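There are 2 protein chains.
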Amino acid sequence: MHFHRDDLAGLESRYRAALVNSLTGFKSANLVGTADEHGQTNLAIMSSAVHLGSHPPLIALVIRPDPVERHTLSNLLASGCYTLNHVRAEWLEAAHQTAARYPREQSEFAATGLSEGWWPEFPAPFVREATIRMGLRLREHQELAINRTHLVIGEVTQLELPEDCLREDGSVDLESAGSLALSGLDSYHATRRLRRMAYAKPDRPPRAVEGPAD
Amino acid sequence: MHFHRDDLAGLESRYRAALVNSLTGFKSANLVGTADEHGQTNLAIMSSAVHLGSHPPLIALVIRPDPVERHTLSNLLASGCYTLNHVRAEWLEAAHQTAARYPREQSEFAATGLSEGWWPEFPAPFVREATIRMGLRLREHQELAINRTHLVIGEVTQLELPEDCLREDGSVDLESAGSLALSGLDSYHATRRLRRMAYAKPDRPPRAVEGPAD
Numbered sequence: 001m002h003f004h005r006d007d008l009a010g011l012e013s014r015y016r017a018a019l020v021n022s023l024t025g026f027k028s029a030n031l032v033g034t035a036d037e038h039g040q041t042n043l044a045i046m047s048s049a050v051h052l053g054s055h056p057p058l059i060a061l062v063i064r065p066d067p068v069e070r071h072t073l074s075n076l077l078a079s080g081c082y083t084l085n086h087v088r089a090e091w092l093e094a095a096h097q098t099a100a101r102y103p104r105e106q107s108e109f110a111a112t113g114l115s116e117g118w119w120p121e122f123p124a125p126f127v128r129e130a131t132i133r134m135g136l137r138l139r140e141h142q143e144l145a146i147n148r149t150h151l152v153i154g155e156v157t158q159l160e161l162p163e164d165c166l167r168e169d170g171s172v173d174l175e176s177a178g179s180l181a182l183s184g185l186d187s188y189h190a191t192r193r194l195r196r197m198a199y200a201k202p203d204r205p206p207r208a209v210e211g212p213a214d
Numbered sequence: 215m216h217f218h219r220d221d222l223a224g225l226e227s228r229y230r231a232a233l234v235n236s237l238t239g240f241k242s243a244n245l246v247g248t249a250d251e252h253g254q255t256n257l258a259i260m261s262s263a264v265h266l267g268s269h270p271p272l273i274a275l276v277i278r279p280d281p282v283e284r285h286t287l288s289n290l291l292a293s294g295c296y297t298l299n300h301v302r303a304e305w306l307e308a309a310h311q312t313a314a315r316y317p318r319e320q321s322e323f324a325a326t327g328l329s330e331g332w333w334p335e336f337p338a339p340f341v342r343e344a345t346i347r348m349g350l351r352l353r354e355h356q357e358l359a360i361n362r363t364h365l366v367i368g369e370v371t372q373l374e375l376p377e378d379c380l381r382e383d384g385s386v387d388l389e390s391a392g393s394l395a396l397s398g399l400d401s402y403h404a405t406r407r408l409r410r411m412a413y414a415k416p417d418r419p420p421r422a423v424e425g426p427a428d
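Chains as they are written, first to last, in the working numbering: chain A, 1 to 214; chain B, 215 to 428.
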């Protein structure tokens, strides 16, 4: 099937949202934890985390100014801190449920049964059930003129993960950590490693360093 | 294991790159196709595609100004057009090999054996072997002050995908399309759907609309 620009513009809006949200391919599934100045917590599922750089470790999030994501946005702009927590299969229903439009005074932690954890002197809650979780400090924020979504850039200043997920070269075995992938607006996927590839060089054929996961 | 900010800053640079590139979770695996004004083609694997909006359909890419990605960047800034092509298991080695530092005058299509396809009046090549492929027109570009990476925003103006991957509600079954997920710098993963969840509402418990893929 071939869609041109006008075909896409002419689609019914929910159909178009489901289609276009699928086009980037698989996405990360993270819960973003924040708190307001009174300690009222908020949790929201997001699939827009993107690697920006390693030194310093920077991650960007695209946040929509809609009823669900704007609590997260206003909290992190005020406190300057937020957490990212990889979603696991055991509680994907609770993670997805954070997308519901709860009123500001209701915490998604309480509503979904997930547990708050706190690091010393870090004013945003992490998800205790998450095996990979990190704290970020806001470094840059802008509203994108093109469609008024917000680009939020943070530096990772706290990172917790299980030792047995960390390989010798520093890479993380996301499968043994139980991290999921997301597609479209609502599909959650487990993964199975096919191959790890060696660093690519122009004068050498591609070469796998590891095959399928055990 | 707990890493603080100073721990991360003190890591050996390749180790830190492998670690930090793993932190966002699973990522999309796309080949970005471009051509220069003489029709010299370029192909580069990228995992930074992120959904920005559906109406118009906008996708952002983070592009690094390094030797590999700058050919893509200069081509798409000059032509205003580029393609995104979902990577499949059958040719993931070729896709990964596009990350090698080939000289500008060598096309990664020729070097890796992937085939160029062209749409009428669209000056960037797609990958014939890709079942999901799209053409984008550049809408916005900025260098991010924080680390000099480039944020490139494009509008999807061409989209090709197999009819049997498109569900009735507009969402795409990425598994039946054969799209892969990427983690870290070098790991390629197939996926297995666990659940599709219904639209979340505050007054209703989470509910699956579909279970595991057949």
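Honestly, the hints are just simulated from the structure, not real lab data.
All figures in this text were calculated on a predicted structure; none of them were measured in a lab.
Hints are supplied without guarantee of correctness; some may be wrong.
What the hints assert, rightly or not - In silico SDA-like cross-links for lysine to any residue, where the CA-CA straight-line distance does not exceed 25 angstroms:
id, chain 1, residue 1, chain 2, residue 2
1, A, Lys201, B, Asp280
2, A, Lys201, B, Arg315
3, B, Lys415, A, Trp91
4, B, Lys415, B, Asn361
5, A, Lys201, A, Glu168
6, A, Lys201, B, Ser329
7, B, Lys415, A, Phe109
8, B, Lys415, A, Glu93
9, A, Lys201, B, Glu307
10, A, Lys201, A, His55
11, B, Lys415, A, Ala89
12, B, Lys415, A, Glu116
13, A, Lys201, B, Asp220
14, B, Lys415, B, Ala404
15, A, Lys201, B, Pro426
16, B, Lys415, A, Gly113
17, B, Lys415, A, Arg104
18, B, Lys415, A, Gln40
19, A, Lys201, B, Arg230
20, B, Lys415, A, Ala99
21, A, Lys201, B, Gln356
22, B, Lys415, A, Glu12
23, A, Lys201, B, Glu382
24, B, Lys415, A, Glu168
25, A, Lys201, B, Arg302
26, A, Lys201, B, Lys415
Checked hints:
| no. | hint | verdict |
| --- | --- | --- |
| 1 | A:Lys201 - B:Asp280 | holds, 15 angstroms |
| 2 | A:Lys201 - B:Arg315 | holds, 7 angstroms |
| 3 | B:Lys415 - A:Trp91 | holds, 17 angstroms |
| 4 | B:Lys415 - B:Asn361 | violated, 39 angstroms |
| 5 | A:Lys201 - A:Glu168 | holds, 22 angstroms |
| 6 | A:Lys201 - B:Ser329 | holds, 20 angstroms |
| 7 | B:Lys415 - A:Phe109 | holds, 15 angstroms |
| 8 | B:Lys415 - A:Glu93 | holds, 12 angstroms |
| 9 | A:Lys201 - B:Glu307 | holds, 12 angstroms |
| 10 | A:Lys201 - A:His55 | holds, 24 angstroms |
| 11 | B:Lys415 - A:Ala89 | holds, 20 angstroms |
| 12 | B:Lys415 - A:Glu116 | holds, 22 angstroms |
| 13 | A:Lys201 - B:Asp220 | violated, 32 angstroms |
| 14 | B:Lys415 - B:Ala404 | violated, 31 angstroms |
| 15 | A:Lys201 - B:Pro426 | violated, 39 angstroms |
| 16 | B:Lys415 - A:Gly113 | holds, 15 angstroms |
| 17 | B:Lys415 - A:Arg104 | holds, 14 angstroms |
| 18 | B:Lys415 - A:Gln40 | holds, 20 angstroms |
| 19 | A:Lys201 - B:Arg230 | holds, 21 angstroms |
| 20 | B:Lys415 - A:Ala99 | holds, 8 angstroms |
| 21 | A:Lys201 - B:Gln356 | violated, 29 angstroms |
| 22 | B:Lys415 - A:Glu12 | holds, 22 angstroms |
| 23 | A:Lys201 - B:Glu382 | violated, 43 angstroms |
| 24 | B:Lys415 - A:Glu168 | violated, 43 angstroms |
| 25 | A:Lys201 - B:Arg302 | holds, 21 angstroms |
| 26 | A:Lys201 - B:Lys415 | violated, 50 angstroms |
Consistency with the previously given hints fails for numbers 4, 13, 14, 15, 21, 23, 24 and 26, ordered from lowest to highest.
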